[in-house]
Amino acid sequence: DIQMTQSPSSLSASVGDRVTVTCRASQGINDFLAWFQHRPGRAPKSLIYASTYLESGVPSRFSGSGSGTDFTLTISNLQPEDFATYYCQQYNVYPYTFGQGTKLEIK
Amino acid sequence: QVQLVESGGGVVQSGRSLRLSCVASGFTFSKYGIHWVRQAPGKGLECVAVIWSDGSYKYYAESVTGRFTISRDNSKNTLYLQMNNLRAADTAIYYCARGEGRWLRLDLWGQGTLVTVSS
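Sequence order for the protein chains is F and Y.
Just so you know, we're using my numbering here: the first sequence kicks off at 1 and counts up by one.
Just so you know, we're using my numbering here: the second sequence kicks off at 1 and counts up by one.
Read the hints as simulated data drawn from the structure, not as lab findings.
No residue lacks a Cβ here, since even glycine has one placed at the ideal position from N, Cα and C.
Some clues are possibly wrong.
As the list claims (entries may be wrong) - Here are some of the chain Y residues that sit facing chain F, going by a computed Cβ distance under 8 Å:
#1 Cys47
#2 Leu104
#3 Arg105
#4 Leu106
#5 Gln111
Unchecked claim - Computed list of chain F residues with no C-beta within reach of chain Y, every gap over 12 Å:
#6 Gly16
#7 Arg18
#8 Arg24
#9 Ser26
#10 Gly28
#11 Ser46
#12 Arg61
#13 Phe62
#14 Gly68
#15 Thr72
#16 Thr74
#17 Asn77
#18 Leu78
#19 Gly101
#20 Glu105
So that you can see chain Y by itself, here it is in the shape it has in the complex (with noise of 0.2 Å):
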């Protein structure tokens, strides 16, 4: 089955780190580049940070650069979020989502998974 799966969301206090991770199944990881997308409460999709598929290339929104750090293993078919210095505005569900093509167009999405930093 072709799929997305986020872990690693949870409660953190406000200044503390978090990881997140995304493994992907029935397709050629290596070949995708991959984004992760956010999703604060009621507000709208942000996109956060996108990796190219050999890893040799890395986007981040102004709003994390500095303390997010977007990295990927091809062995492990595993994207990761590294978020480092976290603030309540980080609250939100975290997407992972599949890269197609040379504009990495965003075609397949998972589930989320939901970061909560208290103050």
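So here's chain F without its partners, still in its complex pose (with noise of 0.2 Å):
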């Protein structure tokens, strides 16, 4: 199975402020990464997919970058509802593999 190692776990950020994190995969996934939003007690909302598109609807302080083995979500602009867990996940192949997730929370 290929390994997704995301970091930080945790991040404490304010309103206002840009953050970053980053996925790693154990192999080449041919941009086929995607990043999900989980607030608790609601559906996973998908982001970001095959590394840089917006879903549609969601606003443009999410971005996504990277290649290969490399991903990165910035959010610009921190809202309150932005603060969530953060997981990518990698659907090059069978099984599709998840990061740990990135838990962001109100400084």
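Make the complex out of the two chains shown on their own, each in a separate frame, by following the hints.
What follows is the structure, given as structure tokens:
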């Protein structure tokens, strides 16, 4: 299985800040990399697919970058509703695998 | 409204069976592959099973192979997960998620249903 290593595991930030989460795949995944937001008690939400493409309706303060094995999620101008847990996932090879998550908390 | 709604979770004894359902609405269910994904307490997300749009292909995680069966009824817009010989390690929130495109990327998730396996 492809291992997805996400960092940091937790992050404290303030409204208006810019934060970055990184994700590394144990082998190349042809940019089939997605980012999800998960708030407690709610359905996970797809934010970004194919490393850089924003899902319809997702605010432009979210952006993704990277290729090969190293990927990044950046959130600019943090809003109160952005405090959640974020996961990366590769969908290149079954079984599709996730990073362990990054919990973004209010400072 | 485009959504997926899971049901069927509950408390079950180890070794017993349970069937989960996922009802789709607001989109053409028969055109999409669908995944089951679970999250154990305090753990990350794990893809458990996936089924193609016409049911012709299924894939299972090693942890559930031989015990879980994914199926669908496109006439009822419903996905199923039959879980047999349940173990404590199967305790988790189970989500269904729509698979978009050729690679079935997960683009729409339900809110999940909790399965608790007691020993």
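**OP:** Mind verifying the non-interface call on F/Leu78? Its CB should be farther than 12 Å from each CB in chain Y.
**Re:** F/Leu78 clear of chain Y: closest Cβ-Cβ about 23 Å, beyond 12 Å.
Subject >> Consistency of the no-contact label for F/Ser26, given chain Y and a CB cut of 12 Å >> reply: For F/Ser26, whose nearest Cβ neighbour in chain Y is about 15 Å away, the distance exceeds 12 Å, so it holds.
Original post:
Would you say F/Glu105 is clear of chain Y, with no C-beta pair closer than or equal to 12 Å?
Top reply: Fine: 16 Å to the nearest Cβ keeps F/Glu105 off the interface.
Subject >> Claimed clearance of chain Y by F/Asn77, with the beta carbon kept past 12 Å >> reply: Given a closest Cβ separation of 25 Å, the condition holds.
Original post:
For F/Phe62, which was marked as not at the interface, is the minimum beta-carbon distance to chain Y over 12 Å?
Top reply: The claim stands: F/Phe62 keeps its Cβ more than 12 Å from every Cβ of chain Y (closest is about 15 Å).
**OP:** With 12 Å as the threshold, tell me whether F/Arg18 passes as away from chain Y on beta-carbon distances.
**Re:** Label holds. Min Cβ-Cβ 25 Å, cutoff 12 Å.
Original post:
Any Cβ of chain Y at or closer than 12 Å to F/Gly28, or is the non-interface label fine?
Top reply: Correct as stated: the minimum Cβ-Cβ distance to chain Y is 15 Å, above 12 Å.
Subject >> Status of the stated non-contact between F/Gly68 and chain Y (beta carbon gap over 12 Å) >> reply: Given that every Cβ of chain Y is farther than 12 Å from that of F/Gly68, nearest at about 17 Å, it holds.
Original post:
Is the nearest CB of chain Y more than 12 Å from the CB of F/Gly16?
Top reply: Fine: 29 Å to the nearest Cβ keeps F/Gly16 off the interface.
**OP:** Find the nearest Cβ of chain Y to the Cβ of F/Arg61 and say whether that gap is larger than 12 Å.
**Re:** Given that every Cβ of chain Y is farther than 12 Å from that of F/Arg61, nearest at about 20 Å, it holds.
Subject >> No chain Y beta carbon within 12 Å of F/Gly101's >> reply: Per Cβ check, F/Gly101 is inside 12 Å of chain Y; nearest 6 Å; violated.
Original post:
Does the claim that F/Arg24 lies off the interface hold, with its Cβ farther than 12 Å from every Cβ of chain Y?
Top reply: 15 Å, holds
Hint compliance for this structure: hints 11, 19 are not met, and every other hint is.
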